[in-house]
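Protein chains in written order, with my numbering: chain A, 2 to 765; chain B, 547 to 1215.
Note that these hints are calculated values from the structure, not bench results.
Just to be clear, a hint being listed does not mean it is correct.
Claimed, not checked - Which chain A residues face chain B? A few, computed with CB under 8 Å, are given here:
1. 354
2. 390
3. 413
4. 414
5. 415
6. 417
7. 424
8. 428
9. 429
10. 623
Stated by the list, open to error - Listed below are the simulated DSS-like cross-link pairs for lysine-lysine, each with C-alpha atoms no more than 30 Å apart in a straight line:
11. 697/B - 385/A
12. 658/A - 677/A
13. 412/A - 612/B
14. 685/B - 342/A
In this text, all values refer to a predicted model and were calculated from it rather than measured experimentally.
Idealized CB from N, CA, C, for every residue including glycine.
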Amino acid sequence: MEVTEKLKSLGLSDQKVKETLKNESLTVLLADIVDQAQGKGELNKSVGNLLYNLGTKLPRQFHTRLPLLVEYVARAQINQEAKLTAAIKFVQDHAMKDFNTADFEKACGAGVEVSQDEIEAAVAQVIKKHKEVILKQRYQYNTGPLMGQVRAILQWADSRKVKEEIDLQILTLLGPKKEEDLVKPVKKKTEKKENKPEVAQVQHTEKQSLTMTDLLKTVHFHAPGQNHQTEGYVITENTSRLLQEHLKITGVQVRTRFPPEPNGILHIGHAKAININFGYAAANNGMCFLRYDDTNPEKEEEKFFVGIKNMVEWLGYKPHQITHSSDNFQQLYEWAVTLIKKDLAYVCHQRPEEVRGHDPPPSPWRERPIHESLQLFEDMKNGKFDEGEATLRLKTMLEEGKMDPVAYRIKFIAHHRTGDTWCIYPTYDYTHCLCDSIEHITHSLCTKEFQARRSSYYWLCNAVDIYCPVQWEYGRLNMYYTVVSKRKIAKLISEGFVRDWDDPRLFTLSALRRRGFPAEAINNFCATLGLTGAQIIIHPDALEACVRDVLNVTSHRAMAVLNPLKVIITNYPNKGPTNVTVPNIPGNDSAGTHTVIFDEEVWIESSDFQEVEEKGYRRLTPSQSVGLRHCGYIIQVQEVVRNAQGGIDHLKVTCHKTTDANKPKSFIQWVSKPLKCEVRLYERLFNHKSPEDPSVVPGGFLTDINTNSLNVLSALVDVSVKGAQVLQKFQFERSGYFSVDPDSMPDNLVFNCTVGLKEDKRKV
Amino acid sequence: MSEAELRQHHLRVVKMEEEAERLASSLGALMTGTAEALETKGLVDKELTDLLNENKKLKYRTNILKRRVAQIGGKSSNSDTILSPETFKDQMCNILGQLEGIFSRAIQSAYPEATSPVVQIQLSKHADYQCNAAMALAKSLKKNPREVGEKILNSVATNPLIAKMDLSGPGFINVYLNQDFIRQQVTNLVVKGVTPPPTTPLRVVIDFSSPNIAKEMHVGHLRSTVIGESIARLMEFLGHDVLRLNHLGDWGTQFGMLIAHLEDKFPNFATSSPPISDLQTFYKESKVRFDEDEPFKKRAYQAVVKLQSHDPKHIKGWEEICDISKKEFKKVYKRLGVVLVDRGESFYQSRMEDIVKSLGAAGMLEEDEGRKVMFAEGADIPLTIVKSDGGFTYDTSDMACMKQRIEEERGQWLIYVTDAGQSQHFKTLFACAKKVGFYAPDRIRINHVPFGVVLGEDKKKFKTRSGETVRLVDLLDEGLQRSEEKLKEKERDKALTQEEFIRARDAVAYGCIKYADLSHDRARDYIFSFDRMLDFRGNTAAYLLYALTRIRSIARTAGVSSEEVVTMAQKGTVEFDHEKEWKLARTLLKLPDVLIRITDDLYTHPLCEYLYEVSTVFTEFYDNCYCVEKDSSGKIVKINNNRLVLCEATAAVMEKCFFLLGINTVSKM
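If we strip away everything but chain A, and leave its shape as in the complex, we get:
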């Protein structure tokens, strides 16, 4: 029989057959199912449909049960969707040696036939219970729930037959539809709201972003110990035992890990990984390890270790334990020997340049005798080979078609933890999953690129015969207008475009912190991204919006004048300076107040005065007065005093109490007896969204630098910021959010502009 014929025999439409043929593996599978079903019973449309569903719904690792299920379906013992679903679930739940046919049949109702009499009786019973309501509501009555109730009594009753019977009995009860039965009922839209309690409503109106924990509570990962039910998991004869032991060790607790290579600085992309790993553990009362994946001896530096730990803690997470991949070097080595002995790994002498690139030639050493590889691996360990002269390779293929990934290579370099013990070092591919297994990680969460390594991950754990964690992937987070690669940032620093790894224009986590981004905002931002598999590139505005949300309700207000214009109040009403009380956070009385000084000499933002009137300009002009925030006065220009060059030197103004009658068009911030501070304003570091994209920036990212990305001003800030701590955050009214930079001195505060008050429209 032709493959097409076979697919058609499942009752698929021509169109569906065409679509199915495009999916090669599914086609093969379905054809196989048809072959198996041949001669077991009549292959009618209903059976065909169930067989198709079986083929598409049964996860791969349970295909050992496929013949059994096909048999039940073909013999019409599993003859409805509900039974099939129950059967597949049973197979998944009893993946290992605990499969018992009697239990299986019971669980999926195999061969159970419900007679018409039984259906009639059950329907009658249910309708009798609801008779009064039905009689009252007549055909408005929703018969849907009745179905479920009948099914509760008769689990395997055919739903079509039940529906027919319900309709029939309702008709018998109510008689034919009358005219009023045909009128559509008016929907009462408000009904639902009324049920909600008052408090909930209030909370709802307050802007509340979804937290990471909330998000991760909704994620449908497997439960600990249910590894075998996940897609693509490989079940071996030891899986059952290993999972049992695993559960004993973990106490059925969720375990995750955040495994950065300690060779660079964390960036915004890592924030997502940290949040997902630590967040998922937190959401499930589990534990999360911070594991330094320090298999590569070349690059590790102490500052990176400390930096990573600091950033994790800054984001508010505490590792259950800090571990190092290098702790396991001896064990990893022993497992490598095991693999060689099992003929699953071999020593190869192909040069790195030979195996680089696409579709390299297969290794001529692949089939060398086991004892030879054992000896050579020993020789590698003992320094008998030079770098590049030998590697240990695994006999497996990655999904992307890469043959025999390297497990060990020679490096005559000391490791910061193991010293000069080793001259062979394991690769990421080899180390990662084995370390996960050693730590009994339940959910090995990683970015989507690693999906291609999943099968080798499982292969390796099973080859060594150890507990195999489950890998789940999520989309990687990328940002527009920045570069995050360690090498590129180093270049930016060495070329003098930015000052250091934590230059606030960068998107490393230390840079974001220095710029004033609250950890909470970063976490919330990650939560907004969700856990989809798609790779996302985010515009910095999205992150900045989250930052504003947090800072808006947390940062105290202050008044600052970035480009000062001196104003002398000629009719200053007080003798000497007076104090003005200002709320820390308007609208939130519990946040308290602070005082600022008001005196006859004040400074205002120079852009808040304009000599020439202009339509729509609502602030100070020679003829238009403006209000000074918080102090209750409005000022009016008396005289524009010019300097020698003809520019404005200062203004002389008069002031008046604000009353309902003379309400100004707007209020502006001002300072008096201010602190002189340095303020650093930032713009995007790059001109283009994707500075690394050669089609947009052919000259390379260094040619795309925005030379105006840093703007340093000498500003005047009100006295309330005096003594502010490093990283303390303020909202400079009408300007933006600012954070105290570590460069600050007690008498010269430095502020970084974190974000503007509104989305920055200057550049797109």
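Using the hints, position chain B against chain A.
Same frame as chain A, now just chain B:
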């Protein structure tokens, strides 16, 4: 010079000065070892950085390699080690071993990917030696053998041993030895005598002979004694620190009946030594009583208990019996030229108690029908450590004994020379010792040296005509008699003085018995035949001893004393003009390789084969090259000093071989 030019020159000078400064500071940093600091100053150029990096890596690698060498340390045999030519100024060189080392290294550097390549070096008809490694290597690497041979050849590091090499056939590498090197070695043979090749000295404990007290030595003990003595001599020659132990059976239950019998026959044995003339008869008498007399048997058991609890009287009786026995053994050892330290099983009594305790505490003993046994991986049957009656067994004493030899004697190499019937026992013993931990195979070498049984000419077990076990003393006596007959048949009694004749008779008698034993593959049974071993033709001691006397007589008849020969040799001008001279020299210098090979498997017959080969090659040489030329009247016309040196060297080598085999040589025969 224009202003512009001047400025340019000035700029150039400034630049050059900067460059000079940079170089100076680079050099300075390199010399003070602070080169890394330069990098931060931006003063390092790429080449220097690369070299510094490479240097760092090489240092790292050296360290790893050194550590590995230290780890495997003593285990590396001489054949893998290439020694500096300086070493061989005073010592004989294991030429084959050195060549193997040189070629292994060459192959390693030419083909690092080749695993444990077989480096076979053979004697060659076309050259001196030939290396055939290229064939097998080419096959495994799937390459052209001639190419492989070429590449190996080019990778051989220069060594004073090798004069030249060439490639022949499909990839054989011919090796021609350096004549200067051979000359120096041959000269040394005459001037300094036969010296051992370089060896790492070890503490060797060798256990051989080991008869039972109160029983007589029989032909079975002969083999252990002869083989053990030869191995011990070899070890000592190689420079090892050898302890020769006679593990006497002096603690068995037989002492109960012997002491009980002693009490009856010599009631005052405690005060005056019992005059037992024939311990064998005494033993038989007590055995008869033991088997037939129930009350005596009971007393015998009690006597065992008393002896083991160190009752003074019983100890005294035991000592008396042991002394008599040991005296008898001594006589035999003296005749055979064997030296041994007596150390019987009794020595280990307290150590047995200790080891039983510690094995019990370590949970290594299992109950088995009242016995306490010990299992170990790799051993099919367990050791019985404690019998159901609480007594100890050979297993117990052997365990205690091995532990004592390792821990107290600091033995690094234990050798047991016993019959092959005990192979299983030793296998189990070694496995258990390993399990307990005092035997660590990577630090301690233990060899069981098993041998087959002695058969009569009827190929059945060697027995007297009456079917009894042959007493060793009787056998030796017969040997003397047969030797005397043979020498008389050759009319040697007429040519030699009485004293010389006796010396020759003894040397031939004991020499033949030993040589016959040692020249056979010891693992096999061997047929004892006086007729064959006394044959003056072929590979027998009789022939070889005679051959040696002939070689010695060459110089003597020429009227040249051995001192004069040494003086000739000291000139260091030995030439190898004739191919037979060259062949003889090369053959003589094979001795170190033969000896090293014996240390690998402890088979002695290759040494006998070598000895025979030397005599054959010498005959070839002697037939072709005149040492002393005479005219028809028998008057000496020419003495070839060169060849006398070779004769002397041959004699020295043969002498050493005989010595190592435990055979006395004679100057006249």
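Cut-off 8 Å, beta-carbon criterion: hint that residue 354/A touches chain B = This interface hint is violated because 16 Å lies over the 8 Å limit.
Would you check whether residue 428/A satisfies its interface hint, that is, whether its CB is within less than 8 Å of any CB in chain B?
-> violated (19 Å)
Keeping to a limit of 30 Å between CA atoms, is the pair of residue 697/B and residue 385/A held or broken?
-> holds (20 Å)
When the least beta-carbon distance from residue 415/A to chain B is tested against 8 Å, hint result | This hint holds: residue 415/A lies near chain B, its Cβ roughly 7 Å from the closest one there, short of 8 Å.
Does residue 390/A meet its interface restraint, that is, does its C-beta lie within less than 8 Å of any C-beta in chain B?
-> This hint holds: residue 390/A lies near chain B, its Cβ roughly 6 Å from the closest one there, short of 8 Å.
Hint consistency between residue 685/B and residue 342/A [alpha-carbon to alpha-carbon, up to 30 Å] | holds (24 Å)
Given hint residue 429/A near chain B, where the shortest CB pair must fall under 8 Å = With Cβ-Cβ at 22 Å, over 8 Å, it is violated.
Verify the interface restraint on residue 413/A: the C-beta must sit less than 8 Å from at least one C-beta of chain B.
-> This hint holds: residue 413/A lies near chain B, its Cβ roughly 4 Å from the closest one there, short of 8 Å.
Could you grab the alpha-carbon distance between residue 658/A and residue 677/A and see if it respects the 30 Å cut-off?
-> holds (28 Å)
Regarding the hint that residue 424/A lies at the interface with chain B, is the smallest CB-CB distance below 8 Å?
-> At about 5 Å, which falls below the 8 Å cut-off, the nearest Cβ of chain B leaves the hint on residue 424/A intact, so it holds.
Answer holds if the nearest beta-carbon of chain B is closer than 8 Å to that of residue 417/A; otherwise answer violated.
-> violated (14 Å)
Should the hint that residue 623/A touches chain B count as held when the rule is a Cβ pair under 8 Å?
-> Where the cut-off is 8 Å and the nearest Cβ of chain B is about 59 Å from residue 623/A, the hint is violated.
Checked against the numbered hints listed earlier, the structure breaks hints 1, 6, 8, 9 and 10; every other hint is satisfied.
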